[in-house]
Amino acid sequence: MNFRRPRTDEAGINLTPLIDVVFLLLIFFMVSTTFDRHADIQLQLPSAEREPVATERAWVDILIDATGQYYVDDRELVNRRPETLERAVEQALADRPEDPVLIRADAGTTHQSVVTALDVVGRLGVTAVSIATVGTGPDAE
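So for the sequence shown, our numbering puts the first residue at 1; every next one is plus one.
Read the hints as simulated data drawn from the structure, not as lab findings. Any given hint might turn out to be false.
[Claimed, not checked] Label pairs and their in silico Cβ distance ranges:
1) Asp9 to Phe29: 32 to 40 Å
2) Ala132 to Ala94: 22 to 30 Å
3) Phe29 to Arg87: 56 to 64 Å
4) Thr16 to His111: 55 to 63 Å
5) Asp73 to His111: 21 to 29 Å
6) Gln112 to Arg75: 46 to 54 Å
7) Asp73 to Gln112: 46 to 54 Å
8) Phe3 to Phe28: 54 to 62 Å
9) Leu26 to Val129: 41 to 49 Å
10) Val129 to Thr67: 19 to 27 Å
11) Pro17 to Ala132: 16 to 24 Å
12) Arg81 to Ile131: 57 to 65 Å
13) Thr109 to Val21: 51 to 59 Å
Each residue gets a CB set at the ideal place from its N, CA and C atoms; glycine is no exception.
With these hints in hand, go ahead and build the complete structure from the sequences.
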């Protein structure tokens, strides 16, 4: 005679599917949330009594006006040919070869004028090139 009762396993709740669902929801909300930075603190910046010292420009400036005319360091070029622009930039870089190049183009200029300037700078081997823009938000002046 067997008087022993058969051993039964305790009923348990498997939490693995619940944890999986919670992690999936967490990942969904992390990916779909946008983070906006709004400055709630208004600052009044201090002013300096001393006048700023005029320093030599730390970059080679290529300006393109609305008609597509090129200016290198505020000097107008005689024509719009890429070879002329290349010689002018090459002369400006001869004095300061480590300086970056800043391209400032009028909003009304043709896209080809900017691409030509970028191509010339690339042929000269300049790797530090920036294109200046103006912000359009409420803080832009």
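21 to 29 Å as the expected CB spacing between His111 and Asp73, which holds or is violated: holds (23 Å)
Taking 41 to 49 Å as the hint, is the beta-carbon distance of Leu26 and Val129 inside that range? holds (42 Å)
Indicate whether the distance between the beta carbons of Ala132 and Ala94 respects the range 22 to 30 Å. holds (23 Å)
So does Arg81 sit 57 to 65 Å from Ile131, Cβ to Cβ? Violated, at about 21 Å.
Falls inside 51 to 59 Å, the C-beta gap from Thr109 to Val21? holds (56 Å)
Is 16 to 24 Å right for how far apart the beta carbons of Pro17 and Ala132 are? Violated - the Cβ-Cβ distance for Pro17 and Ala132, about 56 Å, lies outside 16 to 24 Å.
Holds or violated: the 46 to 54 Å window for the beta-carbon distance between Gln112 and Arg75? violated (22 Å)
Within 54 to 62 Å or not, the Cβ separation of Phe3 and Phe28? holds (56 Å)
Taking the CB of Asp9 and the CB of Phe29, does the distance hold inside 32 to 40 Å? holds (37 Å)
Do Asp73 and Gln112 keep their Cβ atoms within the hinted range of 46 to 54 Å? violated (22 Å)
Between the beta carbons of Thr16 and His111, is the distance compatible with 55 to 63 Å? With a Cβ separation near 57 Å, Thr16 and His111 satisfy 55 to 63 Å, so the hint holds.
Do Val129 and Thr67 keep their Cβ atoms within the hinted range of 19 to 27 Å? Taking Cβ atoms as reference, Val129 and Thr67 lie about 23 Å apart, which means the hint holds.
The structure is inconsistent with the numbered hints 6, 7, 11, 12, although it conforms to all the rest.
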